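Each chain is listed here by its residues.
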Amino acid sequence: MRVAVTGVGAITPLGLSAPVFWQALIEGRSGIGPLQGCFAAQLRFPNGAQLRGWDPLHHFDARTADLLDPFAQFAVVAGREALADAGLTVDDVRGPRTAILTGCCAGGQVSEDVQFQDLYSKQTGRVHPMTIPRIMSNAGASFLSMEWGASGPVFSVSTACASAGHAMAQGLWMVRSGMVDRAIVGGSEAAFCLGFLKAWEAMRVVSQDTCRPFSKDRKGLILGEGAAMLVIEPLEAARARGAKIYAEFAGAGMSADAHHITQPTVGGPSLAMSNALADAGMAPEEVGYINAHGTGTLANDATESKAIHAVFNSHARRLAVSSTKSMHGHALGAAGALEAVATVMALKEGMLPPTMNYTTPDPECDLDVVPNAARATQVGAALSNSFAFGGLNAVLAFRAPAAL
Amino acid sequence: MTQEFTQQLLECIAKTLHKPVETYRLDASFEELGIDSLDGINILFALENEFGIQIPDDAARNVKNLGEMAQGVWKLVEAKGAPA
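If you read the protein sequences in the order shown, they are chains A and B.
Just add 136 to wherever you are in the first sequence, counting from 1, and you've got this note's numbering.
Just add 19 to wherever you are in the second sequence, counting from 1, and you've got this note's numbering.
Keep in mind the hints are simulated off the structure, nothing from the lab.
Computed from a predicted structure; not experimentally measured.
Any given hint could be a false lead.
Said to hold, decoys possible - Derived pair list, reagent style EDC-like, types lysine to aspartate or glutamate, alpha-carbon separation capped at 16 Å: (1) A/K334 <-> B/D76; (2) A/K334 <-> B/D55; (3) A/K352 <-> A/D202; (4) A/K352 <-> A/D254; (5) B/K34 <-> B/D77; (6) B/K99 <-> B/D58; (7) A/K352 <-> B/D77; (8) A/K352 <-> A/D504; (9) B/K94 <-> B/D58.
What the hints assert, rightly or not - Which bits of chain B does chain A cover? Going by a derived footprint, with three or more residues having C-beta under 8 Å, they are: (10) 36-45; (11) 48-54.
All C-beta atoms in this analysis are idealised placements derived from N, C-alpha and C, irrespective of residue type, glycine included.
Sequences are here, hints too, so could you generate the full structure?
Have a look at this one:
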């Protein structure tokens, strides 16, 4: 059974809907800027990719907003957008035949930060009763299931920076197997609070200026936040109801490095890419574009480049590879979902988003990285890579709608 | 650098990595000592606490052995104005 992507939604530092996000990507706009918030002055890195103009009360009544940490709010709003974009209504997803799967790295960090700060430093002696429901990583998926009456499989996946990739892969296989009629899949993250940012600071992987994936002068990642959700369903069902088709969700591959908690390997990512191609029944030569994990750290980009060469051999030099993290930052558990939206839009629109902030070729990253400007190219198929700390890898494979 | 400073630094590193202090020499590379990037950030965190300093990412990135690390930390300790 072939599976299609029929709806997308996105809440991102580049804009608060999928069409605005995509327009910004192809214009090469940056969502990276000086950190905003009371924590900014306490950090050793000056920049981040934060949402702009986000107001939960545009989307939720005050009581509901109180119940949801920002990471869950983002997932819910992106899920609503994806459902509407797919031309589906709540009546279509009510009942047990719709799955909702969300990825999240760290859960409700913002809520945890505020509550524990008050407990420890203000000696409040108590914590807000909504803290647990706000912190739990499944909060976004659970709220969507309640709002829609979707009573089938609903859960969240947490594999650090590959969370959304693993969630989407699971959704693909559930739809393909006939276990459900459709799935709403993606991920969300809200990373901007002092404690969590300090933890990233201590890892010494955050850039002092901006995110320059694959560029020789890259100095690290830029943290991001947001959510993206996609509606996936059998291709035949999508065609039968005349749905818009963004892409075929053709396959997914997973692997574990089984090596080191933070250092990447070539073998793990290579295996995940090979597995995705095999699952999709896709020849390496069919792939024209890879939306890279491309964090902008020294280690990731060099290792990922070697992995792409290992899988694609001489075809690696004909592929376009870009990292949209150069614009939306690293949204951690949401990253794979934001990048899946970028990938299916690239296939639908025949336009490859660029790697921005690229200044200097690095012999360790000898790939065509679509530097600094989008490129009008219709490719037949594309991969989206997500590689997590802990050595857990998820790769998604998509085909252009024109190729179906 | 004083003898006392060097000893304090090596003891801090040894304690951080749960090894005897004799394991560590200033002239050995991180590779020879089996110190990887994750050990590196743990050491930097411990040294910042030990000496009350702040070690910038850029300064830390180019250091290849304990001798260079000790020199860098010593400079920061001196700049702070109060010997550890």
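To see whether the hints hold, each was checked on the structure:
1. A/K334 <-> B/D76: Given that 16 Å is the threshold and the Cα spacing comes to 14 Å, the pair holds.
2. A/K334 <-> B/D55: 21 Å, violated
3. A/K352 <-> A/D202: 45 Å, violated
4. A/K352 <-> A/D254: 43 Å, violated
5. B/K34 <-> B/D77: 25 Å, violated
6. B/K99 <-> B/D58: 25 Å, violated
7. A/K352 <-> B/D77: 15 Å, holds
8. A/K352 <-> A/D504: The given pair, whose Cα atoms are some 14 Å apart, holds under the 16 Å limit.
9. B/K94 <-> B/D58: Given that 16 Å is the threshold and the Cα spacing comes to 22 Å, the pair is violated.
10. 36-45: violated (count 0)
11. 48-54: Contact hint for the segment 48-54 of chain B vs chain A: violated, 0 residues under 8 Å.
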